[in-house]
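With the hints as constraints, model all of the structure from the sequences given.
If you want the building blocks of each chain, they are given just below.
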Amino acid sequence: MIEIGTGTKTILAQILAERLKMDVNDIHVQLEVDTLNTPEHWKTVASRGTYMGGRAVLAAAEDVIRQLKNIASFVLRAREDDLEVGYGKVFIRDEPNASIPIKDIAYGYTFPNGNTIGGQIIGRGHFVIRGMTYLDKETGAGRPGPEWTVGAEGVEIELDLRTYRYRIIKAVAVIDIGKVLNEKTAVGQVKGAMSMGLSFAARETFWFDGNGRVLNPQLRTYRPIRFGEHPKYEVAFVETPQLDAPYGGRGVGEHGLIGMPAALANSLSTALSVNINYLPLIPELLWKIKRGEK
Amino acid sequence: MKNRLLAANIEYYRPTTIDEAVEQFFMLKKENKNPMYYSGGTEILTLGRLNLIQPGAVIDIKAIKETFSHEFYQDHFIFGASLPLTYIEEKNVFPLLTQTSVEIADHTARNKITLGGNLCGEIFYREAVLPFLLCNCKVAVAGKDGLKTLPIAQIFNKTFQLEAGQFLVQLFIDKKYLSLPFITIKKRQQWETGYPLLTVASIEVDHQIRFAFSGLCPFPFRSQRMETELNKTNLPVEKRIDNAIEHIPTPILHDLEGSKEFRLFVLRNILTEIILEMEGKR
Chain A
1 MIEIGTGTKT ILAQILAERL KMDVNDIHVQ LEVDTLNTPE HWKTVASRGT
51 YMGGRAVLAA AEDVIRQLKN IASFVLRARE DDLEVGYGKV FIRDEPNASI
101 PIKDIAYGYT FPNGNTIGGQ IIGRGHFVIR GMTYLDKETG AGRPGPEWTV
151 GAEGVEIELD LRTYRYRIIK AVAVIDIGKV LNEKTAVGQV KGAMSMGLSF
201 AARETFWFDG NGRVLNPQLR TYRPIRFGEH PKYEVAFVET PQLDAPYGGR
251 GVGEHGLIGM PAALANSLST ALSVNINYLP LIPELLWKIK RGEK
Chain B
1 MKNRLLAANI EYYRPTTIDE AVEQFFMLKK ENKNPMYYSG GTEILTLGRL
51 NLIQPGAVID IKAIKETFSH EFYQDHFIFG ASLPLTYIEE KNVFPLLTQT
101 SVEIADHTAR NKITLGGNLC GEIFYREAVL PFLLCNCKVA VAGKDGLKTL
151 PIAQIFNKTF QLEAGQFLVQ LFIDKKYLSL PFITIKKRQQ WETGYPLLTV
201 ASIEVDHQIR FAFSGLCPFP FRSQRMETEL NKTNLPVEKR IDNAIEHIPT
251 PILHDLEGSK EFRLFVLRNI LTEIILEMEG KR
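Same order as they appear, the protein sequences are chains A and B.
Going letter by letter, the first sequence gives residues 1 to 294 in my numbering.
Going letter by letter, the second sequence gives residues 1 to 282 in my numbering.
Don't read these hints as lab results, they were simulated from the structure.
Glycine included, each C-beta is placed from N, C-alpha and C at the ideal position.
One or more hints might be untrue.
Stated by the list, open to error - Each pair of labels, with its calculated beta carbon distance range:
hint	chain 1	residue 1	chain 2	residue 2	range
1	B	T108	A	Y222	13 to 23 Å
2	B	R49	A	Y87	53 to 63 Å
3	A	D209	B	I252	18 to 28 Å
4	B	N34	A	A262	28 to 38 Å
5	B	N34	A	T270	49 to 59 Å
6	B	I252	A	P224	20 to 30 Å
7	B	T250	A	I4	47 to 57 Å
8	A	D209	B	T272	26 to 36 Å
9	A	N277	B	T108	52 to 62 Å
This is the structure we're talking about:
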């Protein structure tokens, strides 16, 4: 997968460190995609980077552990199923002083007399979601996605009933993330998504002429929410683990965005006692709806 | 359409005197180089990149010391055309100008945008002109006949009516205006970013409120007839505004920022706010 600022590769390194019981600082992460040595990937989409990438990392970790145990069993003269990998070593579970450092076997092992066995250890892992189907074109029946992430969002606004101008004071999101794997990046993901959602909700849009040409093709007229226009963001998590996800984590990348336009429209609908079902929620729209023109 | 790096094909000149600048202009014009005077450059660069203008040469006026005046002279205060908007805001000699200026673009852009550049810009809001219209300022313009000083009403009609080779050097404000009560209000389509849906600047002079507008029509203006109606204190405010609206020049803007009808709604609110506030203090 590609690191697009989500922090997913940081979390993948954490997952690997957890599984190999090692220091995350000893894991080298290649952030850039280089087609010379990066495996073919599908897409970085659907808020499933941690889930799918994480499962692939766990599979690769199992592959590495199996190979390490295989070679260590010769060196330690022990059954593979009596061995554990962790803390930079392979050791015998019930006799942990009997161990061999991973660095001594990761490129094969050389006995004191010069005999050598094994070779460089490269772990491989992949993951696809089980049981996906195409959708039935007629009925829409099928299974297009894996688990659900649920959440609740709200905003607090201040609306001037005379001018229809408003300010968003606070935006709140509570997301069932399954398990928080990295709190700072998770909060960052949700806050970022909330700001995108509010931007789409309240201003950011393309305006078209009758021939479908975009009338605002520049950032001076296509205006995402800017510094100084943000409300206070509050983010909290609920943890209901997803059983087949790495350490229980659910998708969270986009979920903070989805509820924001509806939360804002609902708050404005309440304030103005009319149903507001159009975007973007600019003061002129509110004025028109209130006058019964839309 | 040519797709080129703007700077690659443009000649650059930086004269140090007014005469030199004008002479340079006509020389370049003779060579068909479509010369343009250049100060902050923000519009020349952005419009140039969209191929909406194609200068072959630019004459940077920022080495001409008169364009940096920021000082009292007899009964007037002089603003040089090359002063960056943020400089004027930081010095804050004329708070009405400061408050109108701080709403233009963003701080980073205003470090580059100059007073003269905003006043003479192609982008039609030119909000920095509003305070100068309200104060009947005088304008010093350089051209082939040397430096001329005119009342703004004589040279500004929607835009500065500059002839080829002329450029704005200074603006003179009678110092009595620097401290009069004022209100300037800018409303955008949404929040704090974007061009004006409507900007209204106002100042009270001898119990009369003067008004200047940007974003109402595709040009900034001040209207004597609207002011007359708005100052008829014997009538209810609502009626005064209704009457003033009859005299808005045409066309009233109807574009991406907002419909004509909504602009008038916003205009009514702003005018009411200004009149109640100004007259309430008397």
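Hints, one by one, checked against the model:
In this structure, T108(B) and Y222(A) meet the distance hint of 13 to 23 Å, their C-beta atoms being roughly 19 Å apart. The hinted window of 53 to 63 Å between R49(B) and Y87(A) holds, with their beta carbons roughly 58 Å apart. Taking the beta carbon of each, D209(A) and I252(B) are about 20 Å apart, inside 18 to 28 Å as hinted. For the pair N34(B) and A262(A), the supplied restraint of 28 to 38 Å is violated, since their beta-carbon distance comes to about 53 Å.
Taking the beta carbon of each, N34(B) and T270(A) are about 57 Å apart, inside 49 to 59 Å as hinted. Between I252(B) and P224(A) the beta carbons are some 29 Å apart, a value that agrees with the proposed interval 20 to 30 Å. Between T250(B) and I4(A) the Cβ separation comes to about 50 Å, which falls inside the hinted range of 47 to 57 Å. Range check, D209(A) to T272(B): about 34 Å between beta-carbon atoms, so the 26 to 36 Å window is met.
For the pair N277(A) and T108(B), the beta carbons lie near 38 Å from each other, so the given range of 52 to 62 Å is not met.
Going through the hint list in order, the structure does not satisfy hints 4, 9.
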